[in-house]
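Participant: Listed below are the residues making up each chain.
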Amino acid sequence: MAEVALERVAKRFGDVQAVAELSLTVGAGELLVLLGASGAGKTTTLRLVAGLERLDAGTVRIAGRDVSRAAPAERDVAFVFQQYSLYPHYSVYDNLAFPLRSPLRRMAEDAIRRRVGEIAETLRIAHKLDSRATQLSGGEMQRVAIGRALVREPACFLMDEPLSSLDAKLREDLRIELKRIQRELGATILYVTHDQIEAMTLGDRIGVLEAGRLIQVGTPRELYERPASVVVARRLGSPPINLLPAALVGQIVPAAATLGVRPEDIRIGTVGLPARVAAVEALGAETVVALDIAGTLLHALISGEADLVPGAGVHLELPRERLIAFDGAGRRVVGAESLPA
Amino acid sequence: MRIGPPAARVGRQVPLAGAGPARPALAGRLRARGLSDPLLAWLFIGPTILLLLAINIFPLLWTIWLSFTNYRANRPNETVEWVGLRNYQRILTSEDIWHTLQVTAHFVCWSIFFQVVIGLGLALLINRQFKGSGFWTTLILLPMMLSPAVVGTFWTYLFQPQAGIFNYIVNFFIGAGDFTMIGDVRLAPWAIVLVDTWMWAPYVMLICLAGLRSIPDYIYEAAEVDRAGPVRTFFSITLPMVLPFLMLAVLFRAIENFKMFDLVVELTSGGPGSTTEVASINLKREAFEKWRTGFSSAFAIILFVTVFGAANIYVKLLNRVKAR
Chain S
0 MAEVALERVA KRFGDVQAVA ELSLTVGAGE LLVLLGASGA GKTTTLRLVA GLERLDAGTV
60 RIAGRDVSRA APAERDVAFV FQQYSLYPHY SVYDNLAFPL RSPLRRMAED AIRRRVGEIA
120 ETLRIAHKLD SRATQLSGGE MQRVAIGRAL VREPACFLMD EPLSSLDAKL REDLRIELKR
180 IQRELGATIL YVTHDQIEAM TLGDRIGVLE AGRLIQVGTP RELYERPASV VVARRLGSPP
240 INLLPAALVG QIVPAAATLG VRPEDIRIGT VGLPARVAAV EALGAETVVA LDIAGTLLHA
300 LISGEADLVP GAGVHLELPR ERLIAFDGAG RRVVGAESLP A
Chain P
0 MRIGPPAARV GRQVPLAGAG PARPALAGRL RARGLSDPLL AWLFIGPTIL LLLAINIFPL
60 LWTIWLSFTN YRANRPNETV EWVGLRNYQR ILTSEDIWHT LQVTAHFVCW SIFFQVVIGL
120 GLALLINRQF KGSGFWTTLI LLPMMLSPAV VGTFWTYLFQ PQAGIFNYIV NFFIGAGDFT
180 MIGDVRLAPW AIVLVDTWMW APYVMLICLA GLRSIPDYIY EAAEVDRAGP VRTFFSITLP
240 MVLPFLMLAV LFRAIENFKM FDLVVELTSG GPGSTTEVAS INLKREAFEK WRTGFSSAFA
300 IILFVTVFGA ANIYVKLLNR VKAR
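In order, the protein sequence lines correspond to chains S and P.
Heads up, the first sequence is in numbering that gives the first Met the number 0, so the first residue is 0 and it goes up one at a time.
Heads up, the second sequence is in numbering that gives the first Met the number 0, so the first residue is 0 and it goes up one at a time.
Rather than coming from a laboratory, the hints here were simulated on the basis of the structure.
Keep in mind the model is a prediction, meaning the values are calculated, not measured.
The C-beta atom is built at its ideal place from N, Cα and C for all residues, glycine as well.
Be a bit skeptical, because a hint or two may be false.
Claimed, not checked - Partner residues aside, some chain S positions facing chain P, computed with beta carbon under 7 Å:
hint: 1; residue: Phe12
hint: 2; residue: Phe78
hint: 3; residue: His88
hint: 4; residue: Pro98
hint: 5; residue: Leu103
hint: 6; residue: Ala107
hint: 7; residue: Ser228
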């Protein structure tokens, strides 16, 4: 497995700057997730690495080799598409064997059979090898699509929302499986998603894209606890981070315009900011409480059941060391959490 | 096709559009007069069935009956004799008829071969969506929109032995000086193949284009990343996915060309000699020049059964290809 490096990559479609000045390195054996809203440039970035789109500017290096002008076939990458991009008139076996039968490879049919067998075993589709691609369920099709990428042992894998067309249960199963396979193979994967749970659970690191720009790269923990901006803060966490005007809490940090507090950090008690309970949603293991502070709605996440009724007056404690301060432009005020309380 | 009384619920499903209390719809008003649903259904489809019977079913049955007689349409007052299978026997042992069928087979096979190759080729080119591809598509489709009589007439001019530009151009390149297309026994069959291909290859292109446009881009992109070259991509993706469409085009063209008449009459009238006398021209001569109505009826039935049988087998094959 190899390292993938993008340097000041740019791509424009007509009037739309899809990707701008994007620099990013995916380490060998790393799973890096590109996270962003639709239209943020995630898929375009992936397609630029694959060579399915031509770069306007910048360079793409795979395993240290400049492949900016190389055709997709020369880049030794494998791509898993959002749609089940199987060859519909082929059996599962032939679909999996397709990349191995490339004339660039000249692999013996014996070796192909062994390799396809291994991968089918790993993805638990061995019993489906003789089925036609069109006879499979959605989950099976996407396994085959992932399998077709895995058989190749390419320099890196590019995955464009491979799980988004599956139902929730299957998505979870395949997510866990994908992570296991990635660890086993030590595969370099650039993975695109708009699903924050997928990003948090799969990614060794996450890159957040916004309007074609990479705004922050880091481990899931870093991004969650020290987001570079309001955009990143809002992208991760469910229920989402609470943002309230700094004036409401009192000037804790001089430059702060907005304060962010994660729902699980809010403590409901008898001292602190007065608030009113707006709604209580019991989820079993935890409870989401909607709170109204002078017209601003906050969500608090409490473990277990909460003894609250809508309309009740309560007091909130916002632990200072957990507050994230943002300036007027939405950027995080660095070092705010270390200020004395 | 099964023609039977439609299920009773058809009558009930008649939408009562605009059926307010003031002005009930036709079905509603008829029902109010005590007509039952099946009767209503028959009332609605009756005229169509009558029309079908009068202009399709009756002539077919009558032709079948005539094919067992010695009836001659130009002598309506003579007694008509039942001759059993003699007409069929005569046809199947007639060298003329076999020659005619050979000419038809040559025409059908080669014209379809060229139309498939050229039609698919054009479709692949046009599908690249270059600048002005819409204009070129329209231009290529023009021959198909002309009347066969018109096409036959102006190709006759192009093939004209003394002044025809086609012969002139060929002469210019091969330098023979006496080249002629439709006057030559060896070349005349190819002349009709050429004109039919010129006229109908665009049709095959159009249908193939529909097939090509139905293949999603990401399958090609997957193949590109999977390192399949253009040849492999064509044979493992494009061709299999376009095949059902191509087969449908072949079916339509084969049926049409099997009964080819107008274009050949305009171009060669079956000549020189009988080298381009396709089955339908022979049939027309037997029926309306020699007035052997019984004989030609039998020939028509044989042709009909052949096309019908072949088309049915072909459709089964097509369905199997589509099911893959």
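Participant: Work down the list of hints and note, for each, if the structure agrees.
Facilitator: Verification of the hints:
1. Phe12: Cβ of S/Phe12 sits 15 Å from chain P, so the hint is violated.
2. Phe78: Given a least distance of 4 Å, the restraint on S/Phe78 holds.
3. His88: holds, 4 Å
4. Pro98: holds, 4 Å
5. Leu103: It holds, given that the least Cβ distance between S/Leu103 and chain P is near 5 Å, below 7 Å.
6. Ala107: violated, 17 Å
7. Ser228: violated, 33 Å
Hints 1, 6 and 7 from the earlier list are contradicted by this structure; the remaining hints agree with it.
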